[in-house]
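> Take the given structure of chain A and dock chain B to it, following the hints.
Top line first, the protein sequences correspond to chains A and B. The numbers in my numbering rise by one with no breaks, and the one at position 195 of the first sequence is 192. The numbers in my numbering rise by one with no breaks, and the one at position 259 of the second sequence is 260.
Some hints could be false.
Away from chain A, derived, C-beta distances all over 10 angstroms, residues of chain B [to be verified]:
1. 13
2. 116
3. 136
4. 147
5. 279
6. 312
7. 325
8. 379
9. 390
Below, a list of computed lysine-lysine pairs in the DSS-like style, where the Cα atoms sit at most 30 angstroms apart [as the list claims (entries may be wrong)]:
10. B:200 - A:56
11. A:47 - B:141
12. A:185 - B:146
13. B:328 - A:44
14. A:56 - B:68
15. B:95 - A:185
16. A:159 - B:95
17. B:255 - B:361
18. B:146 - B:180
19. A:163 - B:146
20. A:159 - B:141
I should point out that these hints are in silico values taken from the structure, not numbers from a laboratory. By construction, the Cβ of each residue, glycine as well, lies at the ideal position given by its N, Cα and C atoms.
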Amino acid sequence: MIYLDNSATTRPYKEVIDSFVKVSTDYFGNPSSLHQLGVQAENLLSKGRKQLADLLGVKPGEVFFTSGGTESNNLAIKGAAIKHRGRGNHIITTEVEHASVRETMNQLKQLGFEITYLPVNSEGRMNIDDLEKAISRDTILVTVMHVNNEVGTIQPVEEVGKFLQKYPRVLFHVDYVQGAGKIPLDLKRHHIDLCSISGHKFHGLKGTGLLYVRDGVQISPLLTGGSQEFTIRSGTENVAGAVAMAKALRLTMEKQRSDSGRLVSMKEQMIQGLMELSDVTIHTPSVHSAPHIINFSIKGFKAEVFVHALEEKGVYVSTTSACSSKKKSTSTTLLAMGVDEGLANSSVRISLSYENRMEEINQALTIIKETVKNLKEVMK
Amino acid sequence: MNYDRILIRYGEISTKGRNRNKFVEKLKRSIQRAIVDYPNAKVQGKRERMHIVLNGDNGDEIIQRIKGIFGISSLSPAVKTSNEIEEMKEAALKLFQRVYTEGSTFKISARRADKTYFLDTNELNQTFGAHLLKNIPGLKVDVKKPDINLQIEVREEGTYLSCENIPGAGGLPIGSSGKAMLMLSGGIDSPVSGFLSMKRGLELEAVHFFSPPFTSERSKQKVIELAEKLSYANGGYFTLHIVPFTAIQQLIQKQVPENYTMTTTRRLMLRITDALREKFGGLAIVTGESLGQVASQTIESMYAINDVTNTPILRPLITMDKTDIIKIAQDIDTHDISIQPYEDCCTVFVPSSPKTKPKKEKVQYYESFVDFEPLIMEAVEGTETIQISPKKEQEADSLDELF
Chain A
-2 MIYLDNSATT RPYKEVIDSF VKVSTDYFGN PSSLHQLGVQ AENLLSKGRK QLADLLGVKP
58 GEVFFTSGGT ESNNLAIKGA AIKHRGRGNH IITTEVEHAS VRETMNQLKQ LGFEITYLPV
118 NSEGRMNIDD LEKAISRDTI LVTVMHVNNE VGTIQPVEEV GKFLQKYPRV LFHVDYVQGA
178 GKIPLDLKRH HIDLCSISGH KFHGLKGTGL LYVRDGVQIS PLLTGGSQEF TIRSGTENVA
238 GAVAMAKALR LTMEKQRSDS GRLVSMKEQM IQGLMELSDV TIHTPSVHSA PHIINFSIKG
298 FKAEVFVHAL EEKGVYVSTT SACSSKKKST STTLLAMGVD EGLANSSVRI SLSYENRMEE
358 INQALTIIKE TVKNLKEVMK
Chain B
2 MNYDRILIRY GEISTKGRNR NKFVEKLKRS IQRAIVDYPN AKVQGKRERM HIVLNGDNGD
62 EIIQRIKGIF GISSLSPAVK TSNEIEEMKE AALKLFQRVY TEGSTFKISA RRADKTYFLD
122 TNELNQTFGA HLLKNIPGLK VDVKKPDINL QIEVREEGTY LSCENIPGAG GLPIGSSGKA
182 MLMLSGGIDS PVSGFLSMKR GLELEAVHFF SPPFTSERSK QKVIELAEKL SYANGGYFTL
242 HIVPFTAIQQ LIQKQVPENY TMTTTRRLML RITDALREKF GGLAIVTGES LGQVASQTIE
302 SMYAINDVTN TPILRPLITM DKTDIIKIAQ DIDTHDISIQ PYEDCCTVFV PSSPKTKPKK
362 EKVQYYESFV DFEPLIMEAV EGTETIQISP KKEQEADSLD ELF
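Just chain A, with the same shape it has in the complex (with noise of 0.2 angstroms):
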């Protein structure tokens, strides 16, 4: 198996099955319980708060946990807005952003709330002089994603960052679930508020993830309860999961120090052994981009038989980005950047992670070749 759907999901790390197996065996009391298995469970969510803050760069009471990136996105765009509604009415995304900001501002919207979508170019990246434009005194939101989970391509959010500093009121909001472990961020020096990650992108668990809310930002909770998570997310805390998750980030952030140059090699390589084929367009921009998403038409092939066919050979790649795939619609990113909806039909994403090896990229594209050549024969 040539496993090459990294950003749909991983596969979790051994020493990371190994943490929750035991944390949930030996220290299964409930944080909010009194005795000694409570304190257990309580310090084991603290440890891992406090190193998933240490690795981040932020205090340990700016992470609440969550459960994956869409919770968290949900959390912090509704939750900034619910707060801050008396201030304003007006948020602004990109025309790009994953499933889970889209619907929600969908929701907003019907709620009466006014939403702008900042509009990508041709390597579907926003633009700094459109966020100026859009914005206004009832601005109280932004929300940009660091790494399209589609193309890959990086958003400026560091320049947003910077840019937002004119306006004290708006909170900036960072969907970094693509980027975490892959491209480092400085929270603080780009003065981001708010930002989700997910725990499964990087070799975690399903279920896990978190939300940064910096300090002094203030946003409602979505789930009320036990005022869990400085009631900002009540519900029994899932502290193997999170301790799973704590270590998971490590060891990715490890890699990515390590290994970062070896999965920008691997993609290069997959690039370039795609580009030998006719017919292929590659819509991942070859600059400012991840170092991971490789996403690419061949003219003609629709893109669900295509994964099928190399599904059948052992490799396992998607058509646009995993949510969407089951429904069939046309690739919103890849639309949003101009490319014409037959080519953006046929789109496929591969992703990697540093678990891949170059001999996998070298199979994966022989196998590739073979495919192509196979289904042009029977589609001719």
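Just chain B, lined up with the frame of chain A:
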């Protein structure tokens, strides 16, 4: 060029006359403890100032570590060069560019400790000013309120250059004023009181009264966390004594009329703390009392409670308002730990209406029916001493492999 040393200026130490060497030694020890895991950095203590020679270790991290150490009035990242003018100029420019941002103004403050040097102070100012102006377009001089003050000190052994002045924590080096016991309850006040007395150079050991099952494991945990916070000011080291107090509290409840239990409890805590002070060699007791804050902190209560000892009791917060205390607690990061809602020894046995004006004679009379002395000895014997040290945090427990 990255700076190769950190220059440390002393606060009040320099006024301490003949004791100065002792003070410098204490400060040097505090700093060495705080940066023990930076093996290359060397601390050189001199009479007027101290240098940390980095030898390749990370200076920014070390500055973060030592910023909070008492006895430092300010510190500066600095470079040492030879007295060769070209080398000095080059170093000055590089150091300056590290902190320069467009639009900043500057001035040069040269000092010629080596009076035989061929340029005098004015000539030094002019030479270096001209060099920077020539090399950084748009740079402006402002001698009154410069954004950057490039300090150049020419000494016989070499020239020191620095252009940032980072304020230190002030105060006196810990240990330079001797040792005392801190009564640490777990509330907001006592950690602040401890912090302030450490700032004046006291070395502290904390005493906490623990009454299981009336007070929970969590309240003990909370006190350990508070002690850990206080340890930061002491290079990560702190000693915490946990006194088993259940038996005594139960006896008080039985023996003393309800409205006097609080007074007696405080008196016994003080007696035990005093015994521990004697055992561990301190000369004073520090409390977090603030006048009039609660029933035990009225002047009448203090008079009745203080009756059990002649040892000096230091009350750094005595005249402070609660809001000011809270502010300091937030600054030193103990506030959020203190407000965790776990029962501690002070809250469980609180009578519904404690005497705010207890009489010394009455409380002496109520206590006269029991001999508390053996119980006090027993509590002192049974006291658990926890050593907080940075190493312990690193070695940590088996839980570390989970992360």
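> For every hint, state whether the structure bears it out.
Evaluation of the provided hints:
The Cβ of residue 13 of chain B sits about 32 angstroms from the closest Cβ of chain A, beyond the 10 angstroms cut-off, so the non-interface label holds. In this structure residue 116 of chain B is separated from chain A by more than 10 angstroms, as the shortest Cβ-Cβ distance comes to about 45 angstroms. The Cβ of residue 136 of chain B lies farther than 10 angstroms from every Cβ of chain A, with a closest approach of about 27 angstroms, so its non-interface assignment holds. Residue 147 of chain B, annotated as away from the interface, keeps every beta carbon of chain A farther than 10 angstroms; the closest lies near 25 angstroms.
At roughly 34 angstroms from the closest C-beta of chain A, the C-beta of residue 279 of chain B stays outside 10 angstroms, upholding its exclusion from the interface. With a cut of 10 angstroms on Cβ distances, residue 312 of chain B stays outside the contact zone with chain A, its closest approach being about 35 angstroms. Every beta carbon of chain A lies more than 10 angstroms from that of residue 325 of chain B, the smallest distance being close to 21 angstroms; the non-interface claim holds. For residue 379 of chain B, the requirement that its beta carbon stay farther than 10 angstroms from each beta carbon of chain A is met, with the minimum near 25 angstroms.
Distance check on residue 390 of chain B: its Cβ is at least 18 angstroms (rounded) from any Cβ of chain A, clearing the 10 angstroms threshold; non-interface status holds. Annotation: proposed proximity of residue 200 of chain B to residue 56 of chain A holds, straight-line Cα distance about 25 angstroms (limit 30 angstroms). For the hint linking residue 47 of chain A to residue 141 of chain B, the alpha-carbon distance of about 44 angstroms lies beyond 30 angstroms, and the restraint is violated. Between residue 185 of chain A and residue 146 of chain B the alpha-carbon distance is near 29 angstroms, which keeps this suggested pair within the 30 angstroms criterion.
With a C-alpha separation of about 26 angstroms, the suggested pair residue 328 of chain B and residue 44 of chain A falls inside the 30 angstroms cut-off, and the hint holds. For the hint linking residue 56 of chain A to residue 68 of chain B, the alpha-carbon distance of about 18 angstroms falls within 30 angstroms, and the restraint holds. As the CA atoms of residue 95 of chain B and residue 185 of chain A are separated by approximately 26 angstroms, the hinted pair is consistent with the 30 angstroms bound. At roughly 26 angstroms between alpha-carbon atoms, residue 159 of chain A and residue 95 of chain B fall within 30 angstroms of each other, so this suggested pair holds.
For the hint linking residue 255 of chain B to residue 361 of chain B, the alpha-carbon distance of about 20 angstroms falls within 30 angstroms, and the restraint holds. About 43 angstroms separates the Cα atoms of residue 146 of chain B and residue 180 of chain B, which puts this hinted pair outside 30 angstroms; it is violated. A hinted pair counts as satisfied when its Cα atoms are at most 30 angstroms apart, and residue 163 of chain A with residue 146 of chain B qualifies at roughly 26 angstroms. Annotation: proposed proximity of residue 159 of chain A to residue 141 of chain B holds, straight-line Cα distance about 26 angstroms (limit 30 angstroms).
Violated hints, listed in ascending order, are 11, 18; each of the other numbered hints is respected by the structure.
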